[in-house]
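Those sequence lines, one after another, are chains A and B. With this note's numbering, letter number 6 in the first sequence gets 262, and the count goes up by one each step, no holes. With this note's numbering, letter number 97 in the second sequence gets 335, and the count goes up by one each step, no holes.
Hints listed in this document are in silico derivations from the structure and should not be mistaken for laboratory results. A quick note: this is a predicted structure, and the numbers were derived from the prediction, not measured. For each residue, glycine too, the CB sits at the ideal point set by N, CA and C. Be aware that one or more of the hints could be misleading.
Claimed, not checked - Which stretches of chain B does chain A cover? Using the computed rule of at least three CB atoms under 8 Å from a CB of chain A, they are:
hint : stretch
1    : 275-281
2    : 347-358
3    : 369-377
4    : 381-390
As the list claims (entries may be wrong) - Using C-beta positions, here's what the derived DEER-type ranges look like:
hint : chain 1 : residue 1 : chain 2 : residue 2 : range
5    : A       : I451      : B       : D302      : 39 to 47 Å
6    : B       : T307      : A       : V526      : 32 to 40 Å
7    : A       : V350      : B       : T307      : 22 to 30 Å
8    : A       : A356      : B       : I384      : 24 to 32 Å
9    : A       : L536      : B       : T307      : 34 to 42 Å
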Amino acid sequence: MSPVEVLLLLALAAFFAGLGGSYLGIGGGVFLVPFMTLVLAVDIKRAIATSLIGVIATSSGAASVYVRDHLTNLRLAMFLEVATTIGAITGALVALLVPAVFLYVAFGAVVLYAAATMVRVRETAKERSYRGGAEPALVKRLNLSSVYFDQEDQAVYRYRVDRPGAGFGVSAAAGLFSGLLGVGGGFIKVPAMNILMRVPMKAAVATSNFMIGVTAAASAFIYYSQGLVDPSLAAMVIIGVFTGTNLGTRLLVRAKAANVRFVFAIFLAVLGIAMAVRALGFSGVV
Amino acid sequence: MIAARAGIRLVQHRIAALRRAVVGEVEDTNRLIYHVLRGGVLVSVAVLLFGFILVGAKSAALPDHSVPTRSLIPQLVEFTPAGFLSLGVLVLIATPMVRVLLSLLSVLVLIATPMVRVLLSLLSFAEDRDRTYVLMTGIVLVNLLISVFLLA
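Excised from the complex, chain A in its bound form (with noise of 0.2 Å):
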């Protein structure tokens, strides 16, 4: 591949990460990883650079308009960065130090877990209704719990947030593999948020895309001060990023969430399985 074909597809590639993480509530690193290092073999450290910087304008772009129209929870954000901050800085930390083929391994597995979560996650009326009773103690100090305005059936939900421990922990999870692999984490952010801490799921959306930059930018600067960002790959990821959340927020709204998320995580599948056999090569199994 020649390098101008390379930077044609690379912009393309973040074009479709911005238009299906603005929409998933993602930041789209978890398919731009793989695509650079197994189509464009980009070395990885490198690819998770670029990401990180595809990660921050997926996020940007798409939690100003979530924001916006008061979908994002920014308290919780607020109370959950403190701990995705903290694991990023971990995780770049980590993923300095580490060769190559362990960040293949993590790739691999964390990609797949992605795609099971997203074939998973799916939620109705009733789910989102109110559920009564006292709110843990740390929630009530924090005052995390919300109201949002769902613009599908014209209501508005009051919600309460559960196991504020729990997830806190699980966003530092979050923040270390967003550190380590260059993404943004929404696919654990999400389902944390809404299977553990019952937040509805477009609040837990906005919400996860609202801390996506925070984290990235946590971490995409322990990259850049260490020189990994090339400067023409990052142009093509933050072109092709901003066209693509651009029309995302815009069209995809109109879309059938779950097929979209269905042929996402078959996609991601595909690219897991791909990293693991790519990573296997490395320890001189295959």
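Keeping the supplied structure of chain A fixed, place chain B upon it in accordance with the hints.
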């Protein structure tokens, strides 16, 4: 009777005004964050495209790694000695390296965008005198600063 009705109307008026104020305040913070995130991405893309417009897509043996922030701005200024005078001069003297430097500047703007957002959140919580959240936002900001200065 008329006085009572006028009184009720006055109370209704007060409540409506209060509601507007509360909604307005929430709207303000959200709007500000919206503009910061949106604006950061737009500035970043603008800087990037400016580099491509100045230089075009022609490539040479250019660095494929990030330039330290310390030398990025000095190098940009060095490459454009008369650049601040006119755009025409800038186009004439811009080398492909200028595009590389502007691409990296665009990356840095993008990384800084969420950081500015956190700073604004901190100010907004401070204005509300919400101590717990000022503390939490402060921790996040310190983490971000650590990431900037740790290996730089």
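Quick rundown of the hints versus the structure:
1. 275-281: holds (count 4)
2. 347-358: Satisfied; 8 residues make the cut.
3. 369-377: It holds, with 5 qualifying residues against the three required.
4. 381-390: Coverage by chain A holds for the stretch 381-390 of chain B (8 residues, Cβ < 8 Å).
5. A:I451 / B:D302: 39 to 47 Å: For I451 (chain A) and D302 (chain B) the Cβ distance comes to about 42 Å; the hint holds.
6. B:T307 / A:V526: 32 to 40 Å: For T307 (chain B) and V526 (chain A) the Cβ distance comes to about 38 Å; the hint holds.
7. A:V350 / B:T307: 22 to 30 Å: holds, 23 Å
8. A:A356 / B:I384: 24 to 32 Å: holds, 26 Å
9. A:L536 / B:T307: 34 to 42 Å: Given a distance of about 39 Å, which is inside 34 to 42 Å, the answer is holds.
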